[in-house]
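J.: Could you slot chain C onto chain A? The hints should help.
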Amino acid sequence: MGRPDLSRRQLLAAAGGLSVAASFGFAALGTGADALASGADTRVRYWNLFSGGDGANMITMLDAFRKAHPDIDVKDSTLQWGNPFYTKLAMAAAGNRAPDLGVMHMGRVTGFSPGRLLDPWDVDLLAKYGVREQDYNPALWKRGVIDGKLYALPLDIHVQLCFYRKDVLGKAGLLGDDGRMIPVTSTDEWFDVLKKAKAAQKKGLQTIGLWTNDQNFQWWFFVAFYTQLGGKWFNDANTEVLFDPDKATQVLEFLRRHVTDGYVIPGAPTGEQFINGAPFTWEGNWSVPVFSGAKLDYGATPLPPVFGRPATHAESHAFVLPHQAGRGGATNEGAHELAAYVVTHALQWAAGGHIPAYTPTLSTAAYKKLTPQNEYVSAMDHQATEPKVWFAGSTGVLAQDLGPVVVSSTMGSAKPDKVAQTMKSHLTKLLASKNPMDGRTAAQGGAVA
Amino acid sequence: MTTSAHMTTGAVAAPARARTAAATATVRRKQGFQHGGWFVAPFLALFVLFVIWPLLRGVYLSFTDANISGDGASFVGLDNYREALGDSAMWDALGHSAYFTLLVVPCITVLAFLLAMLAHHIERGKWLWRLCFFVPFLLPSTVAANMFQWLFTQGIGLVNETFGLDTPWLTDKSYAMLAIVIETLWWTVGFSFLLYLAALQGIPDHLYEAAKLDGANAWHRMVHITLPMLRHITGLVIALQILASLQLFDQAVVMMDFGPGPEVSTRSFVQYTLEQGFTSYRVGYASAMSIIFFVIIAVVALARMWLLRTREEGGR
Chain A
1 MGRPDLSRRQ LLAAAGGLSV AASFGFAALG TGADALASGA DTRVRYWNLF
51 SGGDGANMIT MLDAFRKAHP DIDVKDSTLQ WGNPFYTKLA MAAAGNRAPD
101 LGVMHMGRVT GFSPGRLLDP WDVDLLAKYG VREQDYNPAL WKRGVIDGKL
151 YALPLDIHVQ LCFYRKDVLG KAGLLGDDGR MIPVTSTDEW FDVLKKAKAA
201 QKKGLQTIGL WTNDQNFQWW FFVAFYTQLG GKWFNDANTE VLFDPDKATQ
251 VLEFLRRHVT DGYVIPGAPT GEQFINGAPF TWEGNWSVPV FSGAKLDYGA
301 TPLPPVFGRP ATHAESHAFV LPHQAGRGGA TNEGAHELAA YVVTHALQWA
351 AGGHIPAYTP TLSTAAYKKL TPQNEYVSAM DHQATEPKVW FAGSTGVLAQ
401 DLGPVVVSST MGSAKPDKVA QTMKSHLTKL LASKNPMDGR TAAQGGAVA
Chain C
450 MTTSAHMTTG AVAAPARART AAATATVRRK QGFQHGGWFV APFLALFVLF
500 VIWPLLRGVY LSFTDANISG DGASFVGLDN YREALGDSAM WDALGHSAYF
550 TLLVVPCITV LAFLLAMLAH HIERGKWLWR LCFFVPFLLP STVAANMFQW
600 LFTQGIGLVN ETFGLDTPWL TDKSYAMLAI VIETLWWTVG FSFLLYLAAL
650 QGIPDHLYEA AKLDGANAWH RMVHITLPML RHITGLVIAL QILASLQLFD
700 QAVVMMDFGP GPEVSTRSFV QYTLEQGFTS YRVGYASAMS IIFFVIIAVV
750 ALARMWLLRT REEGGR
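Chain order of the listed sequences is A and C. Just so we're aligned: 27 in our numbering is position 27 of the first sequence, and the numbers increase by one with no gaps anywhere. Just so we're aligned: 685 in our numbering is position 236 of the second sequence, and the numbers increase by one with no gaps anywhere.
These are calculated hints, taken from the structure and not from any lab test. Yeah, the Cβ is synthetic: ideal placement off N, Cα and C, and Gly gets one too. Check the hints yourself; a few may be wrong.
Which chain A residues stay away from chain C? Per the calculated CB distances, all over 12 angstroms, these [stated by the list, open to error]: (1) Ser-51; (2) Asp-135; (3) Glu-253; (4) Ala-351; (5) Trp-390; (6) Ser-413; (7) Pro-436; (8) Ala-443.
Cβ-Cβ distance ranges computed for the label pairs, FRET-style [to be verified]: (9) A:Ile-59 / C:His-484: 49 to 59 angstroms; (10) A:Lys-418 / C:Leu-495: 50 to 60 angstroms; (11) A:Ser-51 / C:Val-592: 18 to 28 angstroms; (12) C:His-484 / A:Met-91: 33 to 43 angstroms; (13) A:Gln-80 / C:Ala-688: 31 to 41 angstroms; (14) C:Ile-746 / A:Leu-125: 15 to 25 angstroms; (15) C:Glu-610 / A:Arg-97: 43 to 53 angstroms.
This is chain C alone, in the form it adopts within the complex:
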C-alpha cells in the first residue's frame, strides 16, 4: 500500500517535476529572449527599416510605373519585367558584370594565396609584407580608383611610362575592363590575403613535421597538407569574391569619369540600374531590374552552397 501509494505519488510527481522543469526552461528561454532581444533589437530595427522594408517596397515598385517624385504611379503588372528581359542594354550590362567577375575571382584567389604564402614563410620584415598587402584594402574606393585613373592615363600615366607602352588603357574597349580588374586586384586582394594568412597560421606544425619525417618534399607538403587544409577558406574566398564582383560599380564609375566606359564597355548592371532610376527617372523599371539582379545573386549564392555541400558529402 505504502509502496503503491509511494509509487503513485512518484508516478504523479515525476511528470509534475518534468512540468516544472519545462516551465522553468520556458521562463528561462523567455527571460533569455527578453534580455537577448533587447541587445538584438537595435540591429533588428535597422535591418527591417533599411533592408527588409526597402526590399518589399522595391518588389512593389517593380510592378508599377513609379517615377522619381514618388506619386502618380499606377500598377503595370509584369510590364517592367517583360521590357527588361528584352532590353539589350540590360543584357550587355549584365554581361559586363559577369565578365568582370570571371576575370577577378580566379586572379584574386590565386594572388591572395600566393601573397599569404609569401608573408607566412618570409622571415625578415614579416610585418612590412603584411602591411603592404593589406593596406590598399583600407582605402576608400574613390581614392583607389582615382589613383589608378592617373596611373593608366595615356600620355602621362605611370604604367605606360614605366613599361614603355602607349596603351590606351582607359579609352579603348579592349583595355578598359582590364584596367578596372587590375585596380580591383590591387585594392581588394588584402581582404582575401588576410583570410588565407589566418588559415595558414591555423595549420598545426606537427602535420608538416610528420610529413617531413616521411620524406615528403615541399611540393608534396603543399599539395597534400596546405591546399586541403585551406579548402574551406578557398571556398569562402571564392564565394565572397563572386558576390562582391557581381556588384561591380564604384571603381568602374570613378575610373570611367561617371560614364559607361569606352563604347559602353564597362557599364555594369548596377550602374545601368542607377541610370534608369536616376537619369531616366524610371523608378519602377529600375526596381524591376534590382529584383532581377537580386534573384541572380541569390541563385549564384545558393548554387555555390549546394555545390559545396554535395562535394563535401561526396568526400566523406
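Isolated chain A, as found in the complex:
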C-alpha cells in the first residue's frame, strides 16, 4: 500500500513544495488566467465600495453588462467603504497597480490629487457610449470637473431624507390631500408638527430619529440647514473663510432643540424605532429598501425647509479612473464603456434609494412609478454640498474635524455659539493647511470648474 520507499522527510518536502507551487498558481490565477479562461479580449478591473443592498444591485448590473458584452471581462472587487477604501485606492494608484475603473464619493475627488492619482475621463469616448454633459444636472456635472477636465462621472446622488410614517401622521392630521406630509416652511411649524405627531404616536418611542450621537449624520444635517440659511464656507478663490457663526449658531440651536424639547432619545437606534412606530426619522436614502422591506406605510421628503429655502445635504457616487502610467487602449475603452453602461442603466440602482444622476432615467415611466423615490427626486435641484476643497467629502478630514464638534452642541455639552466659533477656527486652520497628497493648499488646489 502506497510507496514503501517514500520516507517521512521526502513526503514532507513534497507536500511543502506542492503547497508553495499551489500558492504561486493561485496568485497567477488572480492576475490574468481568469481573463484568458473567459475567452474575452479585454479585461476591466473595477474596484467599488458597495456592500449590502447597493452591492447586490451593482452585481446585478454588472452581470447584465457581461451578458451584453461578452468581449469584455469585468473583474470586480468590493472593498470596505470609507477610509480603508480610499487608502487602498491611493496606494494602488501611487504604486502603479491601480484598477482600470473605480468608484469614489464626489466630495473626495478634489483631495484625491487629480492628475496624479486620478486620470481624466475621455468625454468623447463617453459620448460614444451614450453619456453627455447635457444628460446631467449642471451643478452635479461641474463637481466632477477640475482644471477644466472631467475626473468624476456621477452615478447618483444620495441625500438625507425626512422619512415619515403615514399611519401616525394620518392620526395626527399631518397628511395633505395627496397623502403626503404637509409642507413645513419654518422652525416653528416644524416643532408644531413634531408636537402633534408626538401626541399621536406610540408611547416609549422617540418622535424623531436624529442620529444625535453620530458625527457623520450631524455634520450632514448641519451642512443642509446651513445651506438653507444661505451660509457660505469660503470665497471663490479659497483664500478667505466666509463661514458665518451667527447662521451656524441658528442651525446648531435648531438641532439641539430636538433634544431639549424631548423629541429625541439620544443614542436610540433610529431605523429600528421608525419601524417600531416612531413617526419620523432622518436617514439616508439608502434606508428605502429596509423600510420598504418592512412593509411600512411611509413617505420620504427632502429635509424640511425650516429656514425658508429648500436644501438637502447631498453626496454622489461617481466613477473615476485611478491613475495608470500607461492608461489607454482597449482596457481603457472598456472602462469607459462599462461606466457609461451602469450610468445609463441606473433604474436598477434607483431601486436602492439613490437618485440616478443620469437625468433621462428620471423621466422614464418606470422611475416615476417608484415610491417613495418619486417624492424626493426634487432633492436633485437643491443639493447642499460641502465646499469644493481638498479636505472635504464623505468621511474626509472636514467631517472628521467638524462632525464631533456639531455632536457636542446637539448633545448639549457645549454651547451652540461657542461651537460655531470653534467651527470657524477649524475651517481657518484647514484652509491654510496643505493637502498631504500634493503639498498644495485649497487656494493652490486647482478646484476651479
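T.: Same frame as chain A, but now just chain C:
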C-alpha cells in the same frame, strides 16, 4: 633533567590542552549557533521584517511630510514633533488612554485575584468556574465589543433593562469610557485570572499547614502567606495590563461605531494616530506620533522594571 624536561613538557602541554579545549568549545559554540541559528532564523527574519524594519522606517518617516501614496516626501526635520507637542487633540487622546489605563489596571488586578481565589478554593464544579472566567478571553475583540454594544444600548439594552436604569451608556461622555472599561474587564480578566490561579496552585501546602498549627486564622494566612507569595505575579499582571491598556483601540472603536465617542471622549492615542495616517493621509505626522507613543510606553515599562528592582533590593 627528566623531571625538568617533564615539567617543561608539562608546562607546555597545559596551555596547549587549554587551547585545544578552548578551540573545541568555540567549535561547539559555533556548531551550537549554527544549529540553533537555523531554528531561530525564521523568527528572526520575520522579526526584522515586521518589527525592526517598520520601526526604523517609522523613525525615518517621522522626519518627513510623507503622505499615504509614499512618494514626494521631503525632509522636515523636527516639525512633526513640534506640531504634535502643541496638538491639543493629541494630548486629549493621550489623556483618554491614560484614564482608561488608570481605571482598568487596579480593577483587573483585584478582580483577577478574587476570581482566582474563588476558583482555587471552591470544591464543586471547579472546572465550570475556571471555564466561565477564562472563556471570554478567547473571543475576538470585535465580537466581545459588539456584544457589549448591544448590552449597553439605551432603550433596548439588557443592562438598563435588568437594573431598571435609563443610563445613556454609549452616548454620554460621562459613561462611555466606563462602558468600555466594563467590557474590557469582562473580556480580558481571564488572562490575569489564569496567571493568578497557576501561582496559587504553586504555593506549597505545608506553609498553610504550619501557619495553622501556629494558630494563624484565614486572614493572617492570606496576608502573610498568599499575598507575599503572589507578589511577583501581581507585578507581572500589573505590568502587562498597563502596557495592554495604554494601547486601547479595538474595543473602543467598535463600541463607538468607529467614531471618537460622545464628544470625542473615548478617542485613544492609537485611534488618533490611525486617523491622522489614514483619514488625513499624514503618514509623516502619524509616524511621529507613533514614535512619541513608543517612547512613552518604553518609559513606563522601564520605570516599572526599575521600581521593582529597587523594591526587591530594598526588601533583601
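J.: Next step is simple, just say for each hint if it's right about the structure.
T.: Consistency of the hints with the structure:
| no. | hint | verdict |
| --- | --- | --- |
| 1 | Ser-51 | holds (15 angstroms) |
| 2 | Asp-135 | holds (33 angstroms) |
| 3 | Glu-253 | holds (17 angstroms) |
| 4 | Ala-351 | holds (27 angstroms) |
| 5 | Trp-390 | violated (10 angstroms) |
| 6 | Ser-413 | violated (5 angstroms) |
| 7 | Pro-436 | violated (4 angstroms) |
| 8 | Ala-443 | holds (18 angstroms) |
| 9 | A:Ile-59 / C:His-484: 49 to 59 angstroms | holds (55 angstroms) |
| 10 | A:Lys-418 / C:Leu-495: 50 to 60 angstroms | holds (51 angstroms) |
| 11 | A:Ser-51 / C:Val-592: 18 to 28 angstroms | holds (20 angstroms) |
| 12 | C:His-484 / A:Met-91: 33 to 43 angstroms | holds (41 angstroms) |
| 13 | A:Gln-80 / C:Ala-688: 31 to 41 angstroms | holds (35 angstroms) |
| 14 | C:Ile-746 / A:Leu-125: 15 to 25 angstroms | violated (54 angstroms) |
| 15 | C:Glu-610 / A:Arg-97: 43 to 53 angstroms | holds (51 angstroms) |
Of the numbered hints given earlier, the model fails hints 5, 6, 7 and 14; all others are met.
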